[in-house]
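Residue numbers (the working numbering), protein chains in the order written: chain A, 411 to 799; chain B, 411 to 799.
Each hint should be verified, as a subset may be incorrect.
Since the list gives no way to pick one copy over another, a pair counts as held whenever it fits inside one copy or between any two copies.
Using 16 Å as the maximum straight-line C-alpha spacing, the simulated EDC-like pairs for lysine to aspartate or glutamate come out as follows [stated by the list, open to error]:
id, residue 1, residue 2
1, LYS797, ASP770
2, LYS796, ASP737
3, LYS793, ASP737
4, LYS486, GLU508
5, LYS456, ASP495
Don't read these hints as lab results, they were simulated from the structure.
2 protein chains.
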Amino acid sequence: MPAVVKGFSPPRLNVRLLKHVKTNPHFYPIILAGGRGTRFWPLSRKRRAKQLLSLDGKQTMIQQTVARLLPVAAPKRHWIITNDDLRAAILRQLPKLEPRQILAEPVGRNTAPAIGLAAFLMLRSDPEAVLGLFPSDHVIGDPERYRETFGQGIEIAAAGENIVVLGIRPTRPETGYGYIEAGAPDANGGLCVRRFTEKPDLAKATQFLVAGNYFWNSGMFLWRADTLTNALREHLPETALILEKIAAAYGTRKFGETFRRLYPKCENISIDYAVLEPRSAKGEGKSRIFCLPADFGWNDLGSWTSLHEHHARRSSPADGNLITAADSFTLNAKNNYVHAPGKFVATIGVNNLVIVETGDALLITTLEQSQDVGKVVKHLDEKKLKKLI
Amino acid sequence: MPAVVKGFSPPRLNVRLLKHVKTNPHFYPIILAGGRGTRFWPLSRKRRAKQLLSLDGKQTMIQQTVARLLPVAAPKRHWIITNDDLRAAILRQLPKLEPRQILAEPVGRNTAPAIGLAAFLMLRSDPEAVLGLFPSDHVIGDPERYRETFGQGIEIAAAGENIVVLGIRPTRPETGYGYIEAGAPDANGGLCVRRFTEKPDLAKATQFLVAGNYFWNSGMFLWRADTLTNALREHLPETALILEKIAAAYGTRKFGETFRRLYPKCENISIDYAVLEPRSAKGEGKSRIFCLPADFGWNDLGSWTSLHEHHARRSSPADGNLITAADSFTLNAKNNYVHAPGKFVATIGVNNLVIVETGDALLITTLEQSQDVGKVVKHLDEKKLKKLI
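Pulled out of the complex, with its shape left as it was, chain A reads as follows (with noise of 0.2 Å):
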């Protein structure tokens, strides 16, 4: 990361003025809880994906998302939107909600056709209604500033045909994120967003980074319903005319049938290829998406790595080892991730490994190739190895 990043400088937020959130009645949170999560095998597992897993503090990572947004949204209004596999164990991670709040969708269909349904569904009794998109796997370091934060989101939202999109401030040249590229701040408190840009690569993550007006995007999204199944009718018209009629079958006996049913038919398309870009492309100002810069202590926690980083930031252990175990003992070993709950751990003469224990399984790897445990369970789906996945 370099010490000072020059350019472009975006007008910091007022923080002042968002210090109480308004909470808006037709403001829904949308949950978006269907990932599989294998980069945190062999804790993740099909029925365990990383959103259900307590990686940073005592509630899982669902919970978190929840607890974060109920001081501005009554349990009622929450929507969780996850897959078959997972929808039991989120039921139980999460009492408070109802289980009609839970939708399993019977196929993945990427984030297009997931957050055109809650669009569909909302509208159905709140014609005002507007959603917060929010993945459910994510690290948010001061709450507080979040909830300021997509309040003023909200409040733009809520305007009219606007879209908001949470990004987050770089702080290095990351190669494996979306960019969102900002132009001049709105007179609603937004930067106008210029385009969206894929993962770069690392030349032009730097410049991104250097720029200063390049944001990562975080999938946090707010957007009136109405909006968005405009936006839907416009850009994937088949999808949404599907959607809607699952919508109208919710909260009849033939819901289940018709979800099932129709729901594969619907494109394979995420929300930012299907909506987003497209409309980018009417330009700065035009396509009325605005950015909202976000300084809420963002980790996405994408590896074991970054998971490891993420606790080392937050407790600096003089020798960068993170165990996690009954008891331990350390000799000549620096910069380890160690998972062994329950279990005496010694570590002697070791660096810079991930090591995790669960009852079946025991992974052993470099914090460096902590991504490639993706292939160990692409193995395990080849070898039918369902236990363990």
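Start from chain A and add chain B according to the hints.
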């Protein structure tokens, strides 16, 4: 290991002559099983020392030791010397032996008193007794050759005041063992021992290896019981007197109490220091100590690293990985020793590691540093974490 070892070349034993081992009705195997074996922590524990583990095949080390000796000595002639922590487990592992054959020292007093007690005990019922002393935790690759070798040793020992030690041909300049310097061959087929040499430095060990007439002291000895008791009376008179009293109480109600009360008064000394070294000072030939070179695939499995080498030599895995697990996946990983029975083990991008998992502990170290696991046990001793010791 040098390709060719030059210099003195002791005569090879005539294998044909030894093919059919004569069983000697006066032969008693005395198996020393009092070691704690901390170097195999977390698998080895105070009550589950190395000799009670299955490190090489299905049988435990002590079961293998007894099984190797059964073709030449009926079960009733086997004696085990151990301690209170291990006695019950040894009884369970060796159901063919009577409880009275398993002696538990009240305190450890090194090898001289242990072996001496066995000699006084055997003499009571068999004045012709020949004792074979065998460590309980070594690997023997060729048991037939092993029986042939000490079969010859029994003949030499039975003939009079001779002491026979089995010497292992060095294959590397090992600094962790004691060495035997051999001289001219005797008419009895053994090599006259010139002297015993303690653990040498690397330069000396290399000299020994190249010279060709030095052998590793295997800890396996053969001698008549009366030769041993006479030697103890000469070199360790007070201890000899105590041991004689303890042996006299054997078979009576007083034995347990006598053993516990008197044994701690014995000198704490090895048989090498107490008898072999002073006796060898009498000079080659006069000392009546003979070495039988042993070529039966001996390995003392002194650490996780030597266990890895032992198995790697045997099974020759292309990537050098030795993984005890229910199943495994390996990617860019070489030369690792992993013990996690029942688990699925994934190793990615790691080399030369030693990872050992038990129900309550996890050891993470390297092949290079695995000898330091003793320090874990020392730490556990200090912290009085008895369950883990």
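Outcome of the hint check:
1. In the homo-oligomer, the alpha carbons of LYS797 and ASP770 lie at most 16 Å apart inside one protomer (9 Å), although the nearest pairing across protomers, at 23 Å, exceeds that limit.
2. Within a single copy, LYS796 and ASP737 get their C-alpha atoms only as close as 32 Å, which misses the 16 Å cut-off; across copies the closest is 13 Å, which meets it.
3. Proximity of LYS793 and ASP737 under a CA criterion of 16 Å is satisfied inter-copy only: 11 Å between copies versus 36 Å inside one chain copy.
4. Proximity of LYS486 to GLU508 under the C-alpha cut-off of 16 Å is restricted to the intra-copy arrangement: shortest distance 7 Å within a copy versus 73 Å between copies.
5. Proximity of LYS456 to ASP495 under the C-alpha cut-off of 16 Å is restricted to the intra-copy arrangement: shortest distance 7 Å within a copy versus 45 Å between copies.
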